[in-house]
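Could you slot chain B onto chain A? The hints should help.
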Amino acid sequence: MKLSAKLIYFITGSKLAIVLLFILSMPFLVASIASEYTNYSLRDQQRKALDKVHKAGIDYYLQGDDSYGSYTMLKEEYVAIEPAAPELLIDTIKTVERIVEGDTLSYRVLNHTFKAKDKNYLLEIGKTVGSINQYNKPLQRIALYVLMGLIALTIVIDLIFTRVLIRPLGKIIESKLLNRKFPFKDQSEPVKTTTQDFKYLDESLISLMDQINVDFEKEREFTANASHELMTPISILQNKMENLLADDQITEDVAMRIVGMMKTLDRLKKISSSLLFISRIENDQFVKLASVKLVDLLEDIKEEISHRLEDKDLTFIIDIKDKVTLKNVNHDLLFQLFYNLINNAIKYNIEGGSVTVTDAVNKQGDYQVFIKDTGIGIASEDIDFIFDRFRKANLSENVGYGLGLSIVKSIAVYHNIDIQVTSIVKQGSTFTITFPRVMLG
Amino acid sequence: MKVLIVEDEKTLAYEMETFLKKAFYLCDLAHTVAQGLEKIEINSYDFILLDLGLPDGDGLSLLPKAKKHNPEAAYIILTARGNLEDRITGLDLGADDYLAKPFSLLELQSRMQAIARRKFNVKEEAVPLGEFSIDLQKRLVQYKEEQIELSRKEYDLLSYLFLHKNRVLTRMQLSEHIWGTFADDDYDSNYIDAHIKNIRKKLNLWAPTEWLETVRGVGYRIKK
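Chains as they are written, first to last, in the numbering used here: chain A, 1171 to 1611; chain B, 18 to 241.
If we strip away everything but chain A, and leave its shape as in the complex, we get:
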């Protein structure tokens, strides 16, 4: 779930919970407020009544009778004064049930004793509770509507706000992680944000990438230097062996051993120069300004490699559009890329098999070349590693030094060409080379 969605769900959930709690507790709140108010008004009535008694005397109410009682018309309130025992002293407010004209009504009743003309009287003022509680339901409903409306409004505001708040995170991921091509040569701009946490994340990523760059640069430098430094000693050995082989005094047996040594040295030489070649590609030491007509390039390769095709009695079919020209490429590198792939298609092929080169334009308008062979195929567990250095899919045969596809990959990365492989063991592999549309001349 997205962070913004999570935030919205959480915020809305908590709001709903609080509103629900409020609405549920509303009757109690209303009841307690109402009873406070009732108590207050009862006391007020008491004060007024006692005031009257004080000013006009008890007869203002009693009118000569023993007691006094008065109900409002709807029996919502009543006042009663009656004589009480002289020692009786009460002053309470409580809720009691009264039966008035057959109806059981709940009253909030104030009882208060007071003295008038040396006599003790009991003042009783009542107010129905029903008249208070009847407002609870509508109140709750209105509160519910109002609060729901408010929640809806705040959700909209929250949505907008969280989106704005979280936007830098998306930007950081997009600019620092997704749209970056290794190695990260271009210095990336810090993402603008006032959120401290995002700033921290952004800075951490920038410094992490700088670190990766520094290390990668070092590794590259090392590969370049090491393979370069090996060239001189290899040179010396090779030339010494060449001279030695030309020596008239050596026997046939010695000559054969020298050839053995030369083979080993040649292997060392090819590994070093392949590594050096890869590091030169990675260091941008090749100019990409050539336009290459693909058919011509493939025909050149076919000629160059024909002896291997014949050797295995392979059919080699080039079926691609005549007009296709690729621009902004390095001719030699592109040649090497196709050469290595086709060479592999031959090397891992079966006797009498075929190698087919076809093309297509995909939905995005990018140009694709397919190199399909009928060879031994690549096991699915190996397929992810075939472009790694010194990785050989088929170790049982002496097939090479494991740098051919690494070179292909370096050239592809350098030209922004994508290479995908699909393969079925014992049936063959297909390499799909995708050239971005902009490379079509």
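Where hints are given, some of them may not hold.
Unchecked claim - Simulated crosslink set (DSSO-like; lysine-lysine; CA at most 30 Å straight-line):
#1 A:1482 <-> B:218
#2 B:85 <-> A:1433
#3 A:1433 <-> B:27
#4 B:56 <-> A:1433
#5 B:240 <-> A:1433
#6 B:85 <-> B:161
#7 B:170 <-> A:1482
#8 B:39 <-> A:1433
#9 B:214 <-> A:1433
#10 B:214 <-> A:1472
#11 B:161 <-> B:182
#12 A:1497 <-> A:1579
#13 B:170 <-> B:56
Quick caveat, the hints were computed from the structure, so don't treat them as lab data.
Relative to chain A, chain B alone:
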């Protein structure tokens, strides 16, 4: 022909000297830019083989000065740096060729011969090869007046062997000459064998080719 080898790796310089002497070149050695300049000022050379990474400076810096004293000479740059800029700068400064280390001495000699043909207008008549004749200038092999149809690679093989006659060339050396350094990771000798077989077959139609020897376990040789 006179050759100056400017190379700070002494062992390497001696190996080149040994090889070139056998091919009847006269060699001088210099191990620094200063020594190189000194020799160039005194002597006149046909070939100057120039290493780029010298202890007292870049070989490229020597090139313009050397050209002043010795404009006729052919300059071949030898370097382990092998990057493109060096190559371009070197050729811009007037170098005639460029060889990346490690190179085969056979290749060096073949390049020198090619330059000699081109630059010094060394007119080479067709030279006899058994009962055949080979014209390196026109890239032709003939039997009497009849031209023998060889593929480009077959001719390259034969002329390379001829250039280094009386010397056994290994299959590796031959395949490197023909397919270059991009002769990828397997120097499969079968292909050389197949080519030699074809050459023999084509030539044998006209005359015997016993001068083209197979040296067991080593390679091939043209004996003369």
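Against the structure, the hints:
For the proposed pair residue 1482 of chain A and residue 218 of chain B, the alpha carbon gap of about 21 Å is at most 30 Å, so the pair holds. For the given pair, residue 85 of chain B sits about 42 Å from residue 1433 of chain A by alpha-carbon distance, which is inconsistent with the 30 Å threshold. A distance of roughly 24 Å separates the Cα atoms of residue 1433 of chain A and residue 27 of chain B; the hinted pair therefore holds under the 30 Å criterion. Distance restraint check for residue 56 of chain B and residue 1433 of chain A: the Cα-Cα separation of roughly 37 Å exceeds the 30 Å cut-off, and the hinted pair is therefore not satisfied.
Taking the CA atoms of residue 240 of chain B and residue 1433 of chain A, the gap is about 24 Å. The hint holds against a cut of 30 Å. A C-alpha spacing of about 46 Å is found between residue 85 of chain B and residue 161 of chain B, which places the hinted pair above 30 Å, so the restraint is violated. Note on residue 170 of chain B and residue 1482 of chain A: the hinted pairing holds, with a Cα-Cα distance of about 19 Å set against a maximum of 30 Å. Between the alpha carbons of residue 39 of chain B and residue 1433 of chain A the distance comes to roughly 24 Å, so the proposed pair stays at or under 30 Å and holds.
Taken as a hint, the residue 214 of chain B and residue 1433 of chain A pair is honoured in the structure, with Cα atoms around 22 Å apart against an allowance of 30 Å. For the proposed pair residue 214 of chain B and residue 1472 of chain A, the alpha carbon gap of about 21 Å is at most 30 Å, so the pair holds. For the hint linking residue 161 of chain B to residue 182 of chain B, the alpha-carbon distance of about 21 Å falls within 30 Å, and the restraint holds. Between residue 1497 of chain A and residue 1579 of chain A the alpha-carbon distance is near 19 Å, which keeps this suggested pair within the 30 Å criterion.
With a C-alpha separation of about 40 Å, the suggested pairing of residue 170 of chain B with residue 56 of chain B is violated against the 30 Å cut-off.
Consistency note: the structure conflicts with the earlier hints numbered 2, 4, 6, 13.
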